[in-house]
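Each chain, written out:
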Amino acid sequence: MIAHAIFFYTFSIIAVVSAIMVTASKNTVHSVFFLILDFISISCLFIMIGAEFLGMIMLIVYVGAVAVLFLFVVMMLNVAQQKNQWFAGQQSSRHIPVGLIISTLIFFEIIIVIGGWKYKPEIFDINNSISQASISNTHSLGQVLYTDYIHVFQISGMILLVAMVGAIVLTFRQRSGVKRQSYIKQISRERAEGVEVLEVQSNKGVKLDD
Amino acid sequence: MEYLSIVFQEVYKILFLLVPVLVSVAMIVWLDRRVWAFVQKRQGPNVVGPFGLLQSLADALKYIFKEIIIPSSSNKVIFILAPIVTMTLALIAWAVIPFSATQVLADINVGILYLFAVSSLGVYGIIMGGWASNSKYPFLGAIRSAAQMVSYEVSIGVIIINVLLCVGSLNLNDIVIAQQNMWFVIPLFPMFVIFFISALAETNRPPFDLPEAEAELVAGYQTEYSGMMYAMFWLGEYANILLMCAMGAILFLGGWMSPIDVYPFTLVPGAIWLILKILLLFILFALIKAIVPRYRYDQLMRLGWKVFLPLSLIWVVLTASYLFYFNLLPVN
Numbered sequence: 622m623i624a625h626a627i628f629f630y631t632f633s634i635i636a637v638v639s640a641i642m643v644t645a646s647k648n649t650v651h652s653v654f655f656l657i658l659d660f661i662s663i664s665c666l667f668i669m670i671g672a673e674f675l676g677m678i679m680l681i682v683y684v685g686a687v688a689v690l691f692l693f694v695v696m697m698l699n700v701a702q703q704k705n706q707w708f709a710g711q712q713s714s715r716h717i718p719v720g721l722i723i724s725t726l727i728f729f730e731i732i733i734v735i736g737g738w739k740y741k742p743e744i745f746d747i748n749n750s751i752s753q754a755s756i757s758n759t760h761s762l763g764q765v766l767y768t769d770y771i772h773v774f775q776i777s778g779m780i781l782l783v784a785m786v787g788a789i790v791l792t793f794r795q796r797s798g799v800k801r802q803s804y805i806k807q808i809s810r811e812r813a814e815g816v817e818v819l820e821v822q823s824n825k826g827v828k829l830d831d
Numbered sequence: 031m032e033y034l035s036i037v038f039q040e041v042y043k044i045l046f047l048l049v050p051v052l053v054s055v056a057m058i059v060w061l062d063r064r065v066w067a068f069v070q071k072r073q074g075p076n077v078v079g080p081f082g083l084l085q086s087l088a089d090a091l092k093y094i095f096k097e098i099i100i101p102s103s104s105n106k107v108i109f110i111l112a113p114i115v116t117m118t119l120a121l122i123a124w125a126v127i128p129f130s131a132t133q134v135l136a137d138i139n140v141g142i143l144y145l146f147a148v149s150s151l152g153v154y155g156i157i158m159g160g161w162a163s164n165s166k167y168p169f170l171g172a173i174r175s176a177a178q179m180v181s182y183e184v185s186i187g188v189i190i191i192n193v194l195l196c197v198g199s200l201n202l203n204d205i206v207i208a209q210q211n212m213w214f215v216i217p218l219f220p221m222f223v224i225f226f227i228s229a230l231a232e233t234n235r236p237p238f239d240l241p242e243a244e245a246e247l248v249a250g251y252q253t254e255y256s257g258m259m260y261a262m263f264w265l266g267e268y269a270n271i272l273l274m275c276a277m278g279a280i281l282f283l284g285g286w287m288s289p290i291d292v293y294p295f296t297l298v299p300g301a302i303w304l305i306l307k308i309l310l311l312f313i314l315f316a317l318i319k320a321i322v323p324r325y326r327y328d329q330l331m332r333l334g335w336k337v338f339l340p341l342s343l344i345w346v347v348l349t350a351s352y353l354f355y356f357n358l359l360p361v362n
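Here the protein sequences come in this chain order: A and B. The first sequence begins at 622 in our numbering and counts up one residue at a time. The second sequence begins at 31 in our numbering and counts up one residue at a time.
A hint or two may mislead.
As the list claims (entries may be wrong) - Here are the simulated lysine to aspartate or glutamate pairs, DMTMM-like style, with alpha carbons at most 20 Å apart:
(1) A:K806 to B:D328
(2) A:K800 to B:D328
(3) B:K319 to B:D239
(4) A:K806 to A:E817
(5) B:K43 to B:D89
(6) B:K319 to B:D204
Bear in mind the hints are in silico, worked out from the structure with no lab data behind them. Just so you know, these numbers come straight off a predicted model, no measurement behind them.
If we strip away everything but chain B, and leave its shape as in the complex, we get:
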């Protein structure tokens, strides 16, 4: 009985995390479309609910009632598994995100590695969907995204090493607390820029949305999907984007810490600060979607391997030597 109550407690905690994440994914889709529209001097979705806030809900209803079509020549098991994998991976990563010093579902020692591992697994949903569709456009999209995501993961990994050098711990809460005096965005600003661009590429956002470039590949790996399965890809993608924003906020913008450590600001709960920082990064994501044209594929690869990777490696050497020379290495 005692065992069961522990299980129920955990389930309750998980629901308390996942439901807000899913709701905010729906809201973020709305926000994305609104920002995009405002940049182009349009209104965007503004009909359903106040300011169109319920637009995503209406879309979700539409997807639920649509028929799920499974192509007869597809590999059915993998075809159905692909959106499930995408969605699951996008949601399980939230387990380690700290919303304050105590509000974290799993405060594990290797939190940042876990985040990195889960975000690097995200490519499987896309590959599985693209391959199992047994169709040319999804397959090309899947191959593009596999190469793209693997390439940009490398530079994200090296950037994480930069931050870890300054922190001396892989725990996400330690990373946040290490930024008490100064957010890492100030000393590591070039790394923040590279992280942000790599995050765009990692989540297949414009200007790096080549896996689903509609002018060339219809809808990339999602071409054969319909109904709720398509919506799950969509939700997973946006949950991933939010996750990358959260990762950026934790690594560089001080996570749940208030920007100024004085009285009225410290009253605001940490979760609010984290959400505000995630929103700030997300609005940047949305703005970039609106104002930057799509990259050519060879330029994308060149940027990842020949610019970002050497730059971030050089910065690792710089950070390490600076910390070593001034005896600032975090040793415990």
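Chain A on its own, in the form it takes in the complex:
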């Protein structure tokens, strides 16, 4: 039990400190690295409460894919502009009201959820099969997701797909005058059409069509 407590406090302290460092660190790349540390410690916490599937998916999806793309974008930014002026800058202070509104909203949502959990536990006590000790966490998740909640699950997948298609449509633009590489054309080229032997007359040169 004491080992459990030690691990819990280690991971949660790392999670909280790195979450603070995400906003406080001056370098945006460092922020993303702290975000990754945060994700990792939170997935460790998930594993500690027995939600091993969630923890692993968190690692794969957030750390393995989403954070890589974050880093990808942030690293492309100009290094000279990478001073995060949250505290001192005049320029970005107008973002503070928006941030405050959002964080208050999230705060109240959490208050509502925790309050409900504390004083009305029967709301959350849906008689689910998750608490069965005999089958593993992943099995019980699968049994619930693909039977009782199949429609909700499919709809959330469709929403994600629509969001992805939307993002692609918004950023896609057809530019004219771009030389496209056709894979089929490239590998089906024969020597006969690729190489041409010409008689070059002296002082004339050859005109190549490119």
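Start from chain A and add chain B according to the hints.
For chain B alone, coordinates are given in the frame of chain A:
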């Protein structure tokens, strides 16, 4: 006191796993160079020790005594962390590899997810090294590898789903035992081929070694590294390659199971079979390094997203419908 003895027991077990892994990484580097040389009708490293077996040891000694140079304009903490991350991630994944039904360090329920997660984290060592070097070639290499590894992870994930459909469990030992009658390489052969090629791309091996393409990027993300830090990148890379081979052996070639389930073969311990299967896959890796020219970057991306991803998705639908139609879905 009791608690301490448990800790010591675990440490002993971990050492018993890690030391052989590290030694075999050194041997595998030698094997790689030898196979590569034999394909090109050269001798390869054959001077140090019998057949040159101690070549990697000599190389390691050389790296240890070399000076570690940290560029003055680099981001020092991340620069030093990068090879450590690569090496650690390559080694912790071995915790879940089963060497027989009982010989496994951590027999966790979500073993295959853990393997997949750790191998997908491997990209961070490269990105960190490339970015922290504050130099153009490493940065370009890091960006290339980030895009490449993320792309090929997707198809590896879908291929794992294929195998899981046939097994019905995420535990690696269950996956091995499910192949008792038939290795998954037979019914899922196209998936095995795609997995193998994706593993090449995931570990930045030729023909997909664009992150370190020497003709364009000097040495990619490793350009600024020297001495032991460079060697750690190198070790981590080869440990990752071995890990991908082990993953292929477990998912498709029956893991620690003997190929024929008859008397003299079943006497051989499972670890030997697993090592032989890993070696077989590794020799394929080494041969491909020797005989295939490097891909162009757009072709690499096209192969990952437009060929492998749709193919493996279609195969998931096929496998699922086949299993469903013939009522073969593993239900417990």
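Against the structure, the hints:
At most 20 Å may separate the alpha-carbon atoms for a hinted pair to count; A:K806 and B:D328 meet this at roughly 15 Å. Restraint check for A:K800 and B:D328: satisfied, since their Cα atoms lie roughly 14 Å apart, inside the 20 Å limit. Among the hinted pairs, B:K319 with B:D239 is consistent with the structure: their alpha-carbon atoms are about 10 Å apart, no more than 20 Å. This hinted pair checks out: A:K806 and A:E817 have alpha carbons roughly 18 Å apart, not beyond 20 Å.
Restraint check for B:K43 and B:D89: the C-alpha separation of about 28 Å exceeds 20 Å, so the hint is violated. For the hint linking B:K319 to B:D204, the alpha-carbon distance of about 33 Å lies beyond 20 Å, and the restraint is violated.
Hints 5 and 6 from the list above are not met by this structure, while the remaining hints are.
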